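There are 4 protein chains.
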Amino acid sequence: MTALVGHLINGEVRSDAARTQDVFNPATGAATRQVALAGKDTVEEAIAAAEAAFPAWRNTPPLKRARIMFRFKELLEQHSEEICRMIGEEHGKISHDAAGELQRGIENVEYACGAPQLLKGEHSKNVGPDIDSWSEFQPLGVVAGITPFNFPAMVPLWMYPMALVCGNCFVLKPSERDPSSVLFIAQLLQEAGLPDGVLNVVNGDKEAVDTLLTDERIKAVSFVGSTPIAEYIYSTANAHGKRCQALGGAKNHAIIMPDADMDNAVNQLLGAAFGSSGERCMALSVAVAVGDQAADALIEKMQTAMQGLKVGAYSDSSNDFGPVITGAHRDKVNGYITSAVEQGATLVVDGRNPEVAGHEDGFFVGGTLIDRVTPEMTSYQEEIFGPVLQVVRVNSMQEAMALIDDHEYGNGTCIFTRDGEAARYFSDNIQVGMVGINVPLPVPVAYHSFGGWKRSLFGDLHAYGPDAVRFYTKRKTITQRWPSAGVREGASFAFPS
Amino acid sequence: MTALVGHLINGEVRSDAARTQDVFNPATGAATRQVALAGKDTVEEAIAAAEAAFPAWRNTPPLKRARIMFRFKELLEQHSEEICRMIGEEHGKISHDAAGELQRGIENVEYACGAPQLLKGEHSKNVGPDIDSWSEFQPLGVVAGITPFNFPAMVPLWMYPMALVCGNCFVLKPSERDPSSVLFIAQLLQEAGLPDGVLNVVNGDKEAVDTLLTDERIKAVSFVGSTPIAEYIYSTANAHGKRCQALGGAKNHAIIMPDADMDNAVNQLLGAAFGSSGERCMALSVAVAVGDQAADALIEKMQTAMQGLKVGAYSDSSNDFGPVITGAHRDKVNGYITSAVEQGATLVVDGRNPEVAGHEDGFFVGGTLIDRVTPEMTSYQEEIFGPVLQVVRVNSMQEAMALIDDHEYGNGTCIFTRDGEAARYFSDNIQVGMVGINVPLPVPVAYHSFGGWKRSLFGDLHAYGPDAVRFYTKRKTITQRWPSAGVREGASFAFPS
Amino acid sequence: MTALVGHLINGEVRSDAARTQDVFNPATGAATRQVALAGKDTVEEAIAAAEAAFPAWRNTPPLKRARIMFRFKELLEQHSEEICRMIGEEHGKISHDAAGELQRGIENVEYACGAPQLLKGEHSKNVGPDIDSWSEFQPLGVVAGITPFNFPAMVPLWMYPMALVCGNCFVLKPSERDPSSVLFIAQLLQEAGLPDGVLNVVNGDKEAVDTLLTDERIKAVSFVGSTPIAEYIYSTANAHGKRCQALGGAKNHAIIMPDADMDNAVNQLLGAAFGSSGERCMALSVAVAVGDQAADALIEKMQTAMQGLKVGAYSDSSNDFGPVITGAHRDKVNGYITSAVEQGATLVVDGRNPEVAGHEDGFFVGGTLIDRVTPEMTSYQEEIFGPVLQVVRVNSMQEAMALIDDHEYGNGTCIFTRDGEAARYFSDNIQVGMVGINVPLPVPVAYHSFGGWKRSLFGDLHAYGPDAVRFYTKRKTITQRWPSAGVREGASFAFPS
Amino acid sequence: MTALVGHLINGEVRSDAARTQDVFNPATGAATRQVALAGKDTVEEAIAAAEAAFPAWRNTPPLKRARIMFRFKELLEQHSEEICRMIGEEHGKISHDAAGELQRGIENVEYACGAPQLLKGEHSKNVGPDIDSWSEFQPLGVVAGITPFNFPAMVPLWMYPMALVCGNCFVLKPSERDPSSVLFIAQLLQEAGLPDGVLNVVNGDKEAVDTLLTDERIKAVSFVGSTPIAEYIYSTANAHGKRCQALGGAKNHAIIMPDADMDNAVNQLLGAAFGSSGERCMALSVAVAVGDQAADALIEKMQTAMQGLKVGAYSDSSNDFGPVITGAHRDKVNGYITSAVEQGATLVVDGRNPEVAGHEDGFFVGGTLIDRVTPEMTSYQEEIFGPVLQVVRVNSMQEAMALIDDHEYGNGTCIFTRDGEAARYFSDNIQVGMVGINVPLPVPVAYHSFGGWKRSLFGDLHAYGPDAVRFYTKRKTITQRWPSAGVREGASFAFPS
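Protein chains in written order, with our numbering: chain B, 223 to 719; chain V, 223 to 719; chain W, 223 to 719; chain H, 223 to 719.
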């Protein structure tokens with residue numbers, strides 16, 4: 223008997239009985255729960271609840287809005303084990319990895335606690351004689367978020383804490399693959415004191431998404447997912463008069479320079495390539511070795527290091543990573559590995575069909591290392607989203623950078639070097655939005671903003687951090703002059719007696 | 223024999239002989255020049271020139287880019303009479319009005335001179351142990367601007383000075399109605415030291431526009447014009463992967479409160495409603511009087527004041543305003559006046575078919591005042607873009623604000639009052655992007671940003687000012703850690719000698 | 223048998239047995255505790271502990287420092303009743319007033335939670351070709367705070383939360399009159415995870431103060447107290463090479479304009495003049511009525527309203543305010559009242575020697591209202607620091623403003639009016655640092671900064687808020703160029719083999 | 223017959239006939255002009271002129287103040303040759319060096335042109351329900367600058383452009399050694415449109431300085447000079463209630479790491495050590511070589527490079543540097559060289575008593591290189607302010623850093639390395655305010671701020687750049703609530719007609 227994961231609308235947990243879908247434990251392959259799929263009506267109810275809550279929430283001082291986030295942070299920390307367990311059960315990531323994800327989410331809540339500072343406008347005295355002008359950053363109204371399965375706790379927390387402290391109300395449509403932690407976290411925010419209707423969660427599929435994209439009461443949409451969907455979301459939202467930021471896919475390269483500290487590089491790559499089974503848009507999936515000497519050293523050290531990798535269920539914290547999200551996705555990842563071999567690459571470590579004792583029906587792929595990958599290969603061109611590290615060999619840093627710049631995506635990248643000049647040249651010129659120097663997962667901290675370039679992001683403004691304030695508010699500029707000195711000079715002394 | 227106004231491509235003035243169009247003097251009705259209309263090939267040449275200039279311009283230090291703007295400002299001031307004459311000849315606005323426009327444009331050049339300050343990124347030490355992170359705001363590449371006839375000098379200067387100092391190259395497609403000053407000003411920027419190809423100007427029509435909107439080398443488009451075109455520009459640019467900000471139409475209301483300083487209000491309205499023949503997106507075209515006492519006083523004082531209005535050719539600086547841009551537009555404005563009367567409004571001052579001695583064929587409309595206008599009338603719902611002030615009578619401030627909020631547009635608005643509380647309530651709650659308190663044309667100064675709400679602006683970011691920096695750059699976030707202390711601790715003392 | 227309040231040094235509560243002083247309950251007049259008075263040696267131990275803790279604390283990422291403040295906030299909220307009781311027992315303020323004070327202190331802790339955002343430096347790419355420059359705001363080292371009796375919880379929290387998150391270590395010398403809550407709160411911060419030695423508290427008198435002012439390991443001193451002491455602190459600290467901000471006395475005037483909402487004004491003045499027995503540097507102690515009509519109305523309504531004032535012990539929350547801090551101070555306040563009468567003022571409500579049943583030995587002064595006060599009177603020129611509101615009558619706003627500008631102090635001021643122009647003129651021109659418009663206690667919120675002008679503050683930078691970041695850090699500017707492209711271009715491929 | 227250099231007071235050039243002093247051409251040793259020395263009365267006249275100009279200047283919109291700076295920049299550029307000649311004649315620096323100085327000064331004028339942006343305050347909506355709060359940065363009033371001989375054009379331009387655009391009036395007391403360019407430049411600013419009295423220049427000596435330091439109308443003092451005088455200025459100004467920033471001496475070290483690009487380092491050091499005869503507070507006067515291999519290479523390459531150095535008069539632009547400022551100073555520099563030799567150092571290149579054909583009476587010292595200098599030597603401990611580079615040999619980077627940190631001064635420093643980690647460790651930990659990485663003169667650009675640490679600067683805020691805004695303004699925080707909705711809700715419809 224499986225439980226049903228419902229919606230949060232106007233402060234109440236609700237279910238839309240009409241349609242449901244199975245939620246799986248990817249480590250066992252078994253359906254363990256069901257999730258309600260909201261129809262158009264249910265989504266519209268959520269929007270209506272948000273719209274009704276807006277006038278009072280908009281007028282709540284930013285400091286009071288922020289204080290709810292302070293309390294929210296406390297509750298997230300108190301309930302972290304419970305949240306990580308839910309993530310593990312439905313997403314499959316190991317508890318330490320889920321804890322890391324949650325911590326990154328909490329960072330965004332912490333940043334949102336600074337709302338009073340972040341919402342300051344600019345005030346100009348005397349733009350003309352006795353004329354003042356200032357800007358205010360006012361909330362948009364009701365805004366929506368559509369989030370992916372791979373970070374069920376973190377990505378929603380990139381969005382609604384900042385949207386809410388800016389004075390907006392929110393409708394969240396999370397992934398239907400791992401909905402439990404999302405709903406639980408939203409309830410914690412209610413418990414922290416958020417008024418009913420300010421945050422609503424609707425589970426669903428395309429029907430729910432399209433309702434959000436076309437309803438005129440929704441003023442903005444934030445999305446994280448794959449590039450084709452991101453493009454659809456962006457164009458549809460724009461066509462319906464909404465502002466939109468849609469984050470898509472990635473193919474993140476690390477350049478290994480000949481002067482790199484190789485032990486450090488290998489150590490960093492291990493986590494960056496295989497952590498969370500590579501199901502991260504910032505996963506480091508391509509290593510570009512400059513010179514065969516560096517490439518050979520990298521392959522040798524990597525191969526050795528990968529012998530220690532442990533794949534298994536979320537509940538055993540000695541595991542390094544868990545299964546991928548579905549059986550279909552496992553097959554797709556395996557297919558990329560096979561295609562690379564067929565297209566001429568060298569399979570150094572083969573992670574297909576690993577043995578995971580006691581979890582024979584789980585959706586596992588082991589850590590995989592492929593050498594001599596070339597840009598023409600399918601596995602190079604597309605995002606694999608699995609625990610696969612591919613190595614491309616080049617003869618110069620320029621060649622390595624050209625590879626990266628020619629790729630469709632421009633999310634993250636990294637260089638391993640000791641040399642100040644190489645690092646500066648790379649970070650200056652590379653056509654990628656998030657750049658690491660000896661940092662393989664250069665995810666910006668919550669007080670900076672997250673965003674890729676090229677087809678990794680559609681929109682002007684990046685996610686979370688300073689850009690989130692601008693995305694979730696509209697600028698109002700006020701110009702003021704007081705023309706009469708009557709009261710001051712006494713003309714109206716006989717004013718209302 | 224009329225002159226031909228050409229293009230500026232890669233530092234040279236050029237003509238596209240294939241197609242041309244007449245340019246009129248609206249005060250006489252005579253065609254005085256022709257303008258070349260660029261075909262797709264010519265536009266693509268301009269784009270190619272910009273793209274070729276980009277790498278060197280991008281690497282030019284912001285301070286050096288800014289210094290060209292300092293010199294540009296000097297040249298604009300030196301040549302202001304010449305520029306105002308060109309504007310007068312083709313647009314028709316009186317020289318003092320053109321001078322005001324130019325001054326507002328120069329303000330934006332002055333703001334662009336502050337590029338080194340404006341382009342600073344945020345630097346965070348120790349985002350983790352010995353890890354630093356910072357943001358850089360890098361240029362987009364080649365960007366485009368499409369600008370309207372009503373401010374031939376100012377609106378282009380809202381765009382390219384900021385775009386250029388941010389490191390972008392630019393292709394400008396100005397209005398084909400009054401192209402001369404645009405080309406002249408662009409040449410001054412060349413003279414100021416701008417490298418060839420960094421700014422290009424192409425005159426043209428829909429073919430030129432569509433080439434800019436679809437060419438993949440163009441990374442962003444700024445537009446100012448009417449709402450239907452703005453919407454087309456925005457959706458087309460977005461569909462072709464560009465960021466876009468498109469500013470459209472307006473219907474700007476002033477609320478006249480019972481406690482207003484009425485003489486001041488009337489004096490302000492005069493210029494705000496009739497200046498530049500009302501052909502301004504910030505023109506104050508609707509006065510909403512709260513209470514009949516205020517309305518009667520307003521009508522009476524306005525009627526008296528309007529007797530002094532003088533309409534005529536640009537060259538006589540004692541004129542208050544000039545003709546509208548074309549004969550067709552004159553007929554359209556007259557039609558709105560007629561329709562208002564037909565739909566029940568009271569025509570207090572009728573400006574149709576004014577006598578302007580010696581300019582019988584000019585496209586003139588005189589100052590017009592219409593009382594008892596209601597929201598159902600065509601003349602209320604649409605943007606007239608002529609020297610017509612309509613008065614709507616309401617019974618309360620709430621009713622006045624509801625009128626404004628219900629209108630399709632949300633560009634500018636104003637309240638006349640002496641009361642701090644009324645001003646604060648109004649500016650807080652009104653759904654309009656630019657708000658004046660006793661300031662009828664609340665155009666933000668160049669160091670704030672310009673933008674309406676609702677269907678007056680498509681896009682996230684406003685024009686010029688601080689938002690322009692964010693619009694014309696993409697954020698790059700760099701995270702850096704140096705893993706090895708080898709050199710510092712002496713391991714590599716035996717460095718290559 | 224009374225308890226002894228000791229010091230907190232290097233994480234441990236300690237007592238300096240050599241000298242002690244009584245701590246009184248001002249509502250009963252009885253000594254209830256003793257406080258240890260630190261000698262030079264003890265203070266130096268505290269400084270040494272802070273200096274030893276500095277290197278590790280300085281290198282702790284700002285985010286981690288901020289997280290201790292998040293936890294500190296939770297603990298302050300959990301223990302608020304206990305803290306308010308301690309304040310009540312030793313300072314005498316009523317529990318609701320102590321709760322307000324604590325809340326204001328917590329606001330500063332909340333602001334300090336934003337340290338990662340607040341500590342961002344400015345980064346400039348290409349200040350010259352391939353040269354970058356950025357600023358860092360580094361901690362000063364060991365800094366000190368010296369705080370007054372009137373806000374035992376709040377004023378220390380103005381200082382050390384911001385000082386600590388900026389990376390400094392701290393030695394606090396609180397008032398010896400009401401030391402218990404200070405020590406208790408400091409221990410909560412230890413409990414929140416602050417490493418030993420980062421915050422130290424030493425109780426003491428002039429010996430302790432002078433040690434802090436002259437020890438060269440102390441890099442900065444923040445002080446709040448009276449003007450003569452502030453001036454001494456400032457000059458002594460500066461002479462010993464420290465940066466210093468020293469906040470002194472005040473005489474805060476409210477202008478009552480003829481158009482003011484008089485009921486609102488009276489209501490506001492009541493709390494602002496008598497709250498906390500007037501022992502606030504922001505207390506509103508002078509009302510300047512413009513015109514006799516306003517003055518008469520003010521006196522009449524004020525007299526009526528004051529009949530409801532209730533004075534008594536902290537523990538009865540129906541009381542409006544409590545005793546003053548000492549018997550000597552009570553006598554001094556009474557003396558000011560007497561002197562005003564003797565010098566010709568009209569005593570409207572006499573608060574000297576009120577009957578407070580059951581607290582006959584308490585240090586009570588009742589709410590006092592004096593009319594027709596003039597600038598020559600002693601009670602006008604000096605800070606009374608008691609529950610005394612004096613009314614000065616003037617004939618114009620200009621006269622009212624001249625009074626304020628001529629006074630030695632320039633801490634806070636306020637105007638009561640409905641008129642936008644009067645408010646703007648007043649706030650623009652008045653020579654006072656904190657200005658209220660219909661706000662009688664214009665204490666800036668924690669995300670702005672607190673500071674008076676003229677002899678109310680010695681130093682460049684104000685307390686807390688944005689200025690605190692600049693006060694508690696020193697700017698370092700780094701300029702960087704990497705001269706050799708050796709590694710990038712492959713010259714050193716044969717680097718470490 | 224020599225000319226007399228006078229004062230600029232209230233827009234007029236004036237002389238104080240009572241006392242004068244000779245001004246020398248240091249390349250010839252001849253007195254060429256005289257400078258008037260202002261007595262107390264004259265200085266007080268200047269202060270009075272500034273005070274009289276203040277009310278109108280304070281109310282001039284920042285944009286208009288900035289526009290005078292735009293025009294000032296133009297005039298400085300037009301007259302640059304004339305200015306450089308004046309500098310050359312009186313200071314002795316070669317024309318290319320004077321041009322560089324002037325350019326740096328102009329950078330500060332350019333930064334001041336951004337005043338409207340820089341003066342923006344922070345605006346917070348709803349700090350409480352319907353309560354807003356914002357900050358304004360208001361001018362101080364009349365402020366003073368006291369500047370040194372070594373940068374007669376640049377250092378005054380660090381000060382008054384920013385002070386003026388912030389709304390202050392200014393009294394400048396420049397060096398009496400080279401006063402001509404200062405007066406000339408100030409007159410250009412008058413010509414640019416500055417109202418009379420806003421900037422005043424008084425030449426003088428201690429009497430003038432002390433008048434400025436003690437007159438209560440002066441609200442702030444900026445000083446650049448030697449440390450003992452800086453300390454006197456700072457304490458005296460503070461004791462008289464002024465804010466003060468006083469920049470003093472320096473001893474700037476460069477660390478030469480074993481992995482440095484040695485040719486680049488030598489090339490950089492040449493200009494940094496000997497440019498302007500070493501009479502710069504940012505001169506690089508100590509090279510700390512890490513390891514004897516680096517030291518030997520440095521000495522050898524440096525010795526070779528120094529053979530090409532050319533010393534002579536300002537007018538021959540092929541000269542590298544000119545004379546020092548006076549004969550007495552020449553003797554002092556020579557004395558330091560002699561003392562180093564006597565105390566055991568190795569004199570590699572001896573610049574004492576160089577032959578400069580045709581300028582036998584000029585105050586010349588040639589480029590001097592001293593090896594094996596140790597911290598105990600007088601020449602190491604004190605600031606030489608001459609063309610002398612001393613080399614200290616150490617065994618590790620830690621040792622090099624300890625040297626720097628132990629020195630009394632902390633103005634500038636530099637490291638030569640290719641290694642990212644070494645650069646980051648150095649810039650993070652070194653106790654110096656301005657740090658170069660492969661940049662030997664890390665003078666911050668005008669849009670950052672200039673300031674040393676330790677005994678190189680007295681005061682909280684650095685010179686020019688962002689800190690200058692804070693130094694030259696006082697913060698005012700306004701909190702506003704409008705209590706009555708009377709007008710809005712119609713209570714006062716019957717307003718005074």
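Quick caveat, the hints were computed from the structure, so don't treat them as lab data. It is possible that part of the hints are untrue.
Note: identical chains are not told apart, hence a pair may lie in one copy or across any two.
To be verified - Simulated pairs of lysine-lysine, DSBU-like, Cα-Cα distance not exceeding 30 Å: (1) Lys554 <-> Lys676; (2) Lys523 <-> Lys676; (3) Lys428 <-> Lys676; (4) Lys523 <-> Lys441; (5) Lys262 <-> Lys532; (6) Lys441 <-> Lys554; (7) Lys262 <-> Lys523; (8) Lys554 <-> Lys523.
Owing to the predicted nature of the structure, the values given are computational and were not obtained by experimental measurement.
Comparing the hints with the structure gives:
no.	hint	result
1	Lys554 <-> Lys676	within (25 Å within a copy, 45 Å between copies)
2	Lys523 <-> Lys676	neither (33 Å within a copy, 48 Å between copies)
3	Lys428 <-> Lys676	both (26 Å within a copy, 28 Å between copies)
4	Lys523 <-> Lys441	neither (51 Å within a copy, 42 Å between copies)
5	Lys262 <-> Lys532	neither (44 Å within a copy, 59 Å between copies)
6	Lys441 <-> Lys554	neither (36 Å within a copy, 34 Å between copies)
7	Lys262 <-> Lys523	neither (54 Å within a copy, 55 Å between copies)
8	Lys554 <-> Lys523	within (28 Å within a copy, 63 Å between copies)
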